[in-house]
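Listed below, chain by chain, are the residues.
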Amino acid sequence: MAGASGKDKLLTGIFWLAGIFIVLILAGIIGYVLFRGASSLSLDFILQPPSRAGRLGGISTTIVGTVYLTLLALLAAVPVGVGSAIYLEEYAHSRSRFAKLVNLTAETLAGIPSIVFGLFGFVFFVIFLGMGWSVLSGGLTMAIMILPTITRTAQEAILAVAGEYRENSLALGASRWQTVRRVILPSALPGIVTGIILSIGRAVGETAAIILTAGSSLGMPVSPMDPARTMSVHLYIMAMEGISTERAFGTACLIVVLIVIINYLANLSLSRLTKAMR
Amino acid sequence: MQPISKNLHRRGESWIEKGLAFCAALFVIVIAIITIFIFARGLPILLKVGVADFLFNTDWRPTSNSFGIGTMLVGSLVVTTASLLWAVPLGIMTAIFMAEVAPPRASRWLGALVELLAGIPSVVYGFVGLVLIVPFIRNYLGGNGLSVLAGAIILGIMILPTIINISRDAIRAVPKEYKEGSLALGATHYQSIRRVILPAARSGIITAVVLGMGRAIGETMAVVMVTGNSPIIPAGVLSPVRTMTSNIVLEMGYAAGDHQAALFATGVVLFVFIVILNLVVNMSLKAGAANGRR
Numbered sequence: 001m002a003g004a005s006g007k008d009k010l011l012t013g014i015f016w017l018a019g020i021f022i023v024l025i026l027a028g029i030i031g032y033v034l035f036r037g038a039s040s041l042s043l044d045f046i047l048q049p050p051s052r053a054g055r056l057g058g059i060s061t062t063i064v065g066t067v068y069l070t071l072l073a074l075l076a077a078v079p080v081g082v083g084s085a086i087y088l089e090e091y092a093h094s095r096s097r098f099a100k101l102v103n104l105t106a107e108t109l110a111g112i113p114s115i116v117f118g119l120f121g122f123v124f125f126v127i128f129l130g131m132g133w134s135v136l137s138g139g140l141t142m143a144i145m146i147l148p149t150i151t152r153t154a155q156e157a158i159l160a161v162a163g164e165y166r167e168n169s170l171a172l173g174a175s176r177w178q179t180v181r182r183v184i185l186p187s188a189l190p191g192i193v194t195g196i197i198l199s200i201g202r203a204v205g206e207t208a209a210i211i212l213t214a215g216s217s218l219g220m221p222v223s224p225m226d227p228a229r230t231m232s233v234h235l236y237i238m239a240m241e242g243i244s245t246e247r248a249f250g251t252a253c254l255i256v257v258l259i260v261i262i263n264y265l266a267n268l269s270l271s272r273l274t275k276a277m278r
Numbered sequence: 001m002q003p004i005s006k007n008l009h010r011r012g013e014s015w016i017e018k019g020l021a022f023c024a025a026l027f028v029i030v031i032a033i034i035t036i037f038i039f040a041r042g043l044p045i046l047l048k049v050g051v052a053d054f055l056f057n058t059d060w061r062p063t064s065n066s067f068g069i070g071t072m073l074v075g076s077l078v079v080t081t082a083s084l085l086w087a088v089p090l091g092i093m094t095a096i097f098m099a100e101v102a103p104p105r106a107s108r109w110l111g112a113l114v115e116l117l118a119g120i121p122s123v124v125y126g127f128v129g130l131v132l133i134v135p136f137i138r139n140y141l142g143g144n145g146l147s148v149l150a151g152a153i154i155l156g157i158m159i160l161p162t163i164i165n166i167s168r169d170a171i172r173a174v175p176k177e178y179k180e181g182s183l184a185l186g187a188t189h190y191q192s193i194r195r196v197i198l199p200a201a202r203s204g205i206i207t208a209v210v211l212g213m214g215r216a217i218g219e220t221m222a223v224v225m226v227t228g229n230s231p232i233i234p235a236g237v238l239s240p241v242r243t244m245t246s247n248i249v250l251e252m253g254y255a256a257g258d259h260q261a262a263l264f265a266t267g268v269v270l271f272v273f274i275v276i277l278n279l280v281v282n283m284s285l286k287a288g289a290a291n292g293r294r
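Here the protein sequences come in this chain order: A and B. So in this note's numbering, spot 195 of the first sequence is number 195, and the numbers just go up one at a time. So in this note's numbering, spot 40 of the second sequence is number 40, and the numbers just go up one at a time.
No lab work stands behind these hints, which were simulated from the structure alone. Any given hint could turn out to be false.
Quick look at which bits of chain A chain B covers, simulated, 3 or more residues with Cβ under 8 Å [what the hints assert, rightly or not]: (1) 11-23; (2) 172-180; (3) 186-193; (4) 201-210.
Backbone N, C-alpha and C fix where the C-beta goes; we use that ideal spot for every residue, glycine too.
Work out the full structure, taking the sequences as your base and the hints as a guide.
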């Protein structure tokens, strides 16, 4: 008996080590980037445009490029994503062929590698629709990539709205759309916001698809038809071409800080959702 | 007045429903357009070269019209397999830890950290690999550091969240009675985990591994930054290697004509592979669900 408990203690120790190892990996990566990059971060780094291909100056144009592209992607993906979630959960029968087909395509879309999205965005938006390497091409490609996340989180949020709310509203004579707009959407909002926040994280970090669709121009993008470089693409080019390790660290540091904040916000809105459900 | 406004109202409702249905239909339309455009650009050259030749010929010299991605196919498989070798055991152990061993608070915290691990962009992983892992390998293990090993370490970290989350959910979904029954029969906690819980969660754990593999095969930026990208069949873990995805992102910038088409054909290969993986997972999930019901 004592032997068995000794073995159990050993196994417990091993499983704790696995968990601790995961924490160490994460802490190592984030800690290292913050430690090495923090000294490069300054107001000038954020507000000044890059010069001499990024050797000098800051990264302002790539921040604008990232924000611009992300906004365009959200503008296109949020209405479509939330709209299809409403349709799938409130209008379609979940066992209907159409709903099953849409759910299957959403899952497939979520699994496609970003480089394939990049190839598609290049041949479709850049070449076929003649948008060129631009914020618009990159934003629309990104929109397709975040669509599954937005729809899935919205679907889960809508599904979590208590059935009585729905039935009470319909029983009071409200139409289906009135019920959706006045009852379902307000309750599902935290879940929908979580999906949007997670999508922003994905858009900020995406590189392979953006480099093929938005280009890597360091100029300040003004019109949506202008080419742009995002922070992630900038980090890639700085690191791969050995342009400036110090500025690459600064860029990586800023990206990691953003991702940590985005994840914190997503958790916050999610816990608010679960609290509201209780 | 009343009936007319009601009628108008109803018409508005039906338009809204149609609009929402169109949003949902867009998923199907988008995936159709993606398939059509990637295949239209990549399939002709794939058929001209011949599928088998394209996949298994190791001669990639686009300038002299020789398009075989065999070297890159091997590269992708080697790096992916090497990453799975360590990430799968660690991932499943972590999943067991979270579902069965850790106190709920620790499990919740670890869950949040794993989400963060999943949220870090691949370009950041690639950068950390380039400035941290590559020099480490160069200094302590030999070679120039840009290697299969560096790729396998970084890729493994990147697929850990997929493996952990899906396995953990599968383990948690095992009915409590199974474990209670096993404990009641005198088995220890860990015997119950090994003999009862893991077998019951098998289909979910396999799903986790398959999806992790899909992610590893498709990953681009992190791999391109740490593997050196020499188009050779790697001789060992310290040898540089070029994957299919790296080949696309490295050469798309200047490729034209048949060369560009061959890169799209590589995209077709990736696309078909991932779609098949997804369908297999979908079917095995359904089979698993049917098993659970019985």
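Of the numbered hints stated previously, which ones are contradicted by the structure, given in increasing order? Those not satisfied come down to hint 3.
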